[in-house]
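A.B. asks: As they're listed, the protein sequences go chains A and B.
Quick note on numbering: my numbering labels position 74 of the first sequence as 78, and the sequence is numbered without any gaps.
Quick note on numbering: my numbering labels position 11 of the second sequence as 649, and the sequence is numbered without any gaps.
It cannot be assumed that every hint is accurate.
What the hints assert, rightly or not - Think about it this way: if two alpha-carbon atoms lie no more than 20 angstroms apart in a straight line, the pair counts; the simulated EDC-like pairs of lysine to aspartate or glutamate are: (1) Lys867(B) / Asp713(B); (2) Lys649(B) / Asp710(B); (3) Lys1188(B) / Glu1168(B); (4) Lys1225(B) / Glu59(A); (5) Lys1225(B) / Glu51(A); (6) Lys741(B) / Glu770(B); (7) Lys1223(B) / Asp105(A); (8) Lys11(A) / Asp1221(B); (9) Lys146(A) / Glu162(A); (10) Lys1223(B) / Asp58(A); (11) Lys1225(B) / Asp16(A); (12) Lys109(A) / Asp121(A); (13) Lys664(B) / Glu733(B); (14) Lys1130(B) / Asp61(A); (15) Lys1225(B) / Asp61(A); (16) Lys1218(B) / Glu1092(B); (17) Lys1224(B) / Asp58(A); (18) Lys1130(B) / Asp58(A); (19) Lys1225(B) / Asp18(A); (20) Lys1222(B) / Asp61(A); (21) Lys1223(B) / Glu989(B); (22) Lys1218(B) / Asp1021(B); (23) Lys1224(B) / Glu59(A); (24) Lys1223(B) / Glu51(A); (25) Lys1182(B) / Asp1045(B); (26) Lys643(B) / Glu654(B); (27) Lys1224(B) / Asp18(A); (28) Lys1225(B) / Glu162(A).
If you are wondering where the hints come from, they were derived from the structure by calculation, not from laboratory data.
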Amino acid sequence: MSSIKIKLKKQDIDKIKEITASFNNEEHELINVLHKCQQHFGYLPAEVQEVISDEMDIPTAKIYGIVTFYSFFTMTPKGKNPISICMGTACYVRGGEKVLDEFKKELGIEAGQTTKDGKFSISSLRCVGACGLAPVVLIGEKTYGRVAPDDVKEILAEYK
Amino acid sequence: MDTIKLTIDNKQLEVEKGTSIYNAAKSIGIDIPVLCYMSMKDLCIENKPAGCRICVVEVEGRRNLAPSCSTDCQDNMVVRTHTPRVLNARKTVLEFILSDHPKDCLVCPKSGHCELQDMAVKMGIRKIPGEEIAEMSTYRLDTSPSIIRDLDKCIMCRRCETMCNEVQTVGALSAVNRGFYAAVAPAFEQNLEHSPCTYCGQCVAVCPTGALTEVDHTPEVMTHLADPKKTVVVQTAPAVRAALGEEFGLEPGTLVTGKMVTALRQLGFDYVFDTDFAADLTIMEEGTELLNRLSAHLKGDKEIRLPILTSCCPGWVNFFETYFPDLKNVPSTSKSPQQMFGAIAKSYFAEKKEIRREDMVVVSIMPCLAKKYECQRDEFSVDGNPDVDLSISTRELAAFIKQANIDFDSLPEGEFDNPLGESTGAGVIFGATGGVIEAAARTAYEMHTGKNLEKVDFEQLRGMDGVREATVDFDGLPINIGIAHGLGNARKLLDDVRSGKSKYHAIEIMACPGGCIGGGGQPQHHGQTEILKARAAAIYTEDKNKKIRKSHENPFIKELYSTYLGEPNSELAHKLLHTKYFDKKKKIIVNQ
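Chain B on its own, in the form it takes in the complex (with noise of 0.2 angstroms):
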């Protein structure tokens, strides 16, 4: 390896060759500020354009300063981080982009998590010079069904293009136009909703200020809690109670489980229900069908294709819409643990306790934005009444417990209700990548041999590279595994499925990186993996303490199934568990 020996600080200092000043910086303690630029190692995502100068450091013998995110460091080198010379040059740059920002930080929906107001609060900015003088650019606010851009509030550091780009491979947002007219924008500057857009939210979770947002449905729920006519169910997703707490300023990987339910009685819901409950029911439904397919294909079925794919992720099938619609009979027609919840809610549940379908509301908290769009699409509704009305972000809900001055840190502990309310370890770990495969695979494994599962944790599905495989044996017949998570990785394999090269009978599929606890509607982590880890880590420590470990040993879910829906994938099961996919593939016609 070769390394290199330079002073920073007047700290001498070894680093790898290649390794840039801020990076090596950051390994002796030294925090240089940065604003455009991002790195999530362990997910090999980095986002440099240089492009604001905040970063800026003198080096020795050098004329101009040094954008330190962009520069390598070299043999010998001097480098100073905070003289004279470069705080000017920070608050200057800051200046600039401030000039050019609304000031309306009070009324901002970023506000108290916003980078740029904490640059500028770390600067000491208590003027911007030329204010007064100083043209605005003004874009269109664009609202779409999951996330609103207020480009107002952009300052280009291009986080959002670098995942919707390369991470994601969807393409929907790139730079436009140039100079003071600069954008990041869909092509020609058109609505998000008309753009290749899935609605996966990394542009959000990524955005340092609040040119990207989601759509608040905090005030339609609360509505609706206010209303006495209304019975108002809500269900929260795997991946919120690993995350919820960081909000309030317990460490990242706290399960707030049990708080996050008080908190949720508090607020006023008559039934606090757990979207793991139809996780379970997924892998009854989909596990199921697997082994359908897989048995058929064994058979030399050759109308039945593999692998199969799984189809809980609402970006995801956006993905797939858009850019593979060839392949839509490939994944599951299991809808997702979110949409099996409402139509479960508004049959099975509606019926037993005698409520009518258009007074009962059924919420859901979810660490997605794409959830939002996914409860809006006309196939998950009846007679134009949603089976899931709302659906709200971890950090929605988080700032509603806020706003109803809830203490959540000294809440006690509470319990779901019942029946919707009961699920397993295997649907706790719906939340991390990997985790819908591997419980599917407890579930599908038992289905197949008859036999009892030793060992529950598929301990060679778990982790945090981008695409895994592995192979699990079902009593002699080797079952194929593949894991991708971020829609660039999931890219990679579907391109192997449509040339026939897949070598798997199952794959798993997450469109946000680290799966649903790095979804784009969880407490932003600002780059940070360490703190995906340990919410993966919080979701399977939850997974560990469930007396129940595998789904279809969920006593709720049997009762459903003896007493409502018959069996797994049965006429009445498909009616309100399974859905359709649509080819949404741009169409290029021949106008004659």
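Looking at chain A on its own, in the form it has when it is part of the complex (with noise of 0.2 angstroms):
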């Protein structure tokens, strides 16, 4: 093998070692340690899960394995503005997936994905709790209700 060399600022390898000391480095807290740490950097990139590996001494493939696995873990970085579009019941047959596919037409990008000058990112989630607004999209903290397709230019000159 080839040395693998893993740079990461001090504060946050400090930070990852705080959160997996806090669950005293146990194997089986592997996906707490990991909802933390994406909690705190808002992805878990490579070199994150390279310094887990390395406090709670489990193979970095393994913890690849499992944040591949779980939809929620994500190793992209989410753009400033994080769209996220309700693919819920009452969302999707009031024409979710064609605000999804608006927003995707429109950025070009897929869901999943940041834009590349890192502004927008999307992804899509099951129910907001409020379906009473169907379809529902949400932007950071603010909450769009009955979006159509059409408006989707609309909002996104908000952030732009």
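Once you've looked at the hints, go ahead and assemble the two chains, each given alone in its own frame, into the complex.
C.D. replies: In structure tokens, the structure reads:
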């Protein structure tokens, strides 16, 4: 094997160590550790997984396996304005997918991706509990209800 | 013992509680087909992800079919293993697997040895329904110095993952992604070369299909053999002779040393030598090193670290360089027999025969895939010319012999050439777990005590238990010896060395379960430990049949020292026969 060198800022490494230590570096806590790390960093880049592997003495391959298995975990940094489009039953039947397609078309990215300028990312989620407003879109903390594909351009303009 | 009574295919039987339906059926001669399941009982290795569903059976009163590999027997259970429903289900499952499997069997390196192919034959698959519309998953080919990963052929049995993680504790491979995109891969789907892979090849040894295979170096060997300017020298590792016959339909454990020598000569090698000679040489160097370290330690030298660890196994060397670099001054500095042979062939022998280094090609036949990587290490070459040019596995040699239409079974017994073909029983037993340390004990005992060792068989060092220990009496001085085979077992002993708890003076470690006889380059044993035991028995038989059974009594080793090297651990011996180790641990660097 060729030597792998991981570069991270000291404060980031310390934060990961703090998180793994709070779970006593116990192997069965790995998923919780990953949740906490994703909460902190917004995503789980390779470097973060390597440090977790080192701290918890779990092969990086295993950690990567878990990160790629569960759709909640992501290795792509979210955009400055993360767009979540609800694909829950109510939103879906009221055209959520068409809205999603419009966002993808406008931004030129797929769900799970981030625009090159880092401004937007798209993800789909299941039910935000606002079915009366279906179809629902969240951008950051802000909620948009009864969104039609034609509204997408206008909504995006608010953030440009 | 709690027992359970049940009926399988109208036969009543009683089994121990906790027995799977698959094993219960097997005990009465019913062989339920399996694909992902693998059991190596004696080595405590079991893979049963219940992923493939080929082994399903019908259980009376149960709505769905049960995977027999992972369903325990229960009292009064009535099991049927070949009803039409079962057979149809198996066929459908297999058709699904085949629908996402390349159909290039004709040119697949695993053709003829593929468990999936065998299963398709067994189930009489003639057509794959929906083949035209079925989507095929595709992955890039990953070629490392030793192993090729062609994941298009992976059926996600995850045997390799079990070997890499649970048995070897290397952790290079893991199941990643999900559904259609699922694969077994290193972290971040990088190539093996950029993972902690030790190239032990145990993943290749258990892979049922062509997803994991060795890099085939036979074409390069043929090119050299065809070049009249080249003198091509071959060396054969001890474990090869105990397994090669299996590829030609001989019973496991059949020794084919003489036939192998004749075959190699017929293939056109100029000199047919034996790695066992270099194994004897290893004992001289490693044994001397052990005694020197031991006596310094006994005199109270705090600088000297014990135990001494053997260093013949390249998978093991890769393992400690990656996971225990802090202990890199603990293993013996002696090169492996393969590399000692190369260094001596291209110096002592080349000078003797007046062959220029660049005109000599050294090929090794090894039971091992890590040897392919080892011979490519920079430190084992002189001005870019490697001491060992190419290493091919037992399997590759068998294929080469078949290609050359040599009727192996009818070959006369040949003899190795001299001087690098003469070996003792001590060199032979390197091939089985415990063999290196037994060979070392035979020589170190006589070196230390100056007495003749009456009984050369150290039975207490032999066997198949993953971790073994024994105390050998050096005429009043008790030497504590530890033995581990399989890297997971090695890790246990290494953790003790790291924490200072180890009570051993010397430890032998082999990366592969069973030692080299179970190497990643050997004919596939498909998880049958009886085959490994038969190979080990063959190795000890060869040892018994040798006139000389102690390395230091090998006349050509004596001559090598008296006319060339001087004495063990001499300056020249150090230059040619010793090496150093590198820290390959992953580094976390603070980015300011």
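A.B. asks: Taking only the CA atoms, is the gap from lysine 1225(B) to glutamate 59(A) under or equal to 20 angstroms?
C.D. replies: Given pair lysine 1225(B), glutamate 59(A) holds - Cα atoms ~12 angstroms apart, limit 20 angstroms.
A.B. asks: Between lysine 1224(B) and glutamate 59(A), does the CA-CA distance stay at or below 20 angstroms?
C.D. replies: Given that 20 angstroms is the threshold and the Cα spacing comes to 12 angstroms, the pair holds.
A.B. asks: Check the hint pairing lysine 1225(B) with aspartate 16(A) against an upper bound of 20 angstroms on the C-alpha distance.
C.D. replies: holds, 15 angstroms
A.B. asks: Mind checking the alpha carbons of lysine 1130(B) and aspartate 58(A) for me, to see if they're no more than 20 angstroms apart?
C.D. replies: Between lysine 1130(B) and aspartate 58(A) the Cα gap is close to 19 angstroms, so the pair holds against 20 angstroms.
A.B. asks: Checking one constraint from the list: CA of lysine 1225(B) to CA of glutamate 162(A), max 20 angstroms. Satisfied?
C.D. replies: violated, 44 angstroms
A.B. asks: Sort out whether glutamate 770(B) lies within 20 angstroms of lysine 741(B), counting only the CA atoms.
C.D. replies: holds, 12 angstroms
A.B. asks: Taking only the CA atoms, is the gap from lysine 1225(B) to glutamate 51(A) under or equal to 20 angstroms?
C.D. replies: holds, 11 angstroms
A.B. asks: Taking 20 angstroms as the top limit, are the C-alpha atoms of lysine 649(B) and aspartate 710(B) close enough?
C.D. replies: holds, 17 angstroms
A.B. asks: Is it true that the CA of lysine 1130(B) sits at most 20 angstroms from the CA of aspartate 61(A)?
C.D. replies: holds, 15 angstroms
A.B. asks: Is the straight-line distance between the alpha-carbon of lysine 1218(B) and that of aspartate 1021(B) 20 angstroms or less?
C.D. replies: At roughly 18 angstroms apart (the allowed maximum being 20 angstroms), aspartate 1021(B) and lysine 1218(B) satisfy the hint.
A.B. asks: Please verify whether lysine 1224(B) and aspartate 58(A) have alpha carbons no more than 20 angstroms apart.
C.D. replies: Since the Cα atoms of lysine 1224(B) and aspartate 58(A) sit roughly 9 angstroms apart, the hinted pair holds (cutoff 20 angstroms).
A.B. asks: Would the pair lysine 1222(B) and aspartate 61(A) pass a check requiring their Cα atoms to be no farther apart than 20 angstroms?
C.D. replies: holds, 16 angstroms
Going down the numbered hints, you'll see the structure goes against 1, 3, 7, 13, 16, 21, 25 and 28, while the others check out.
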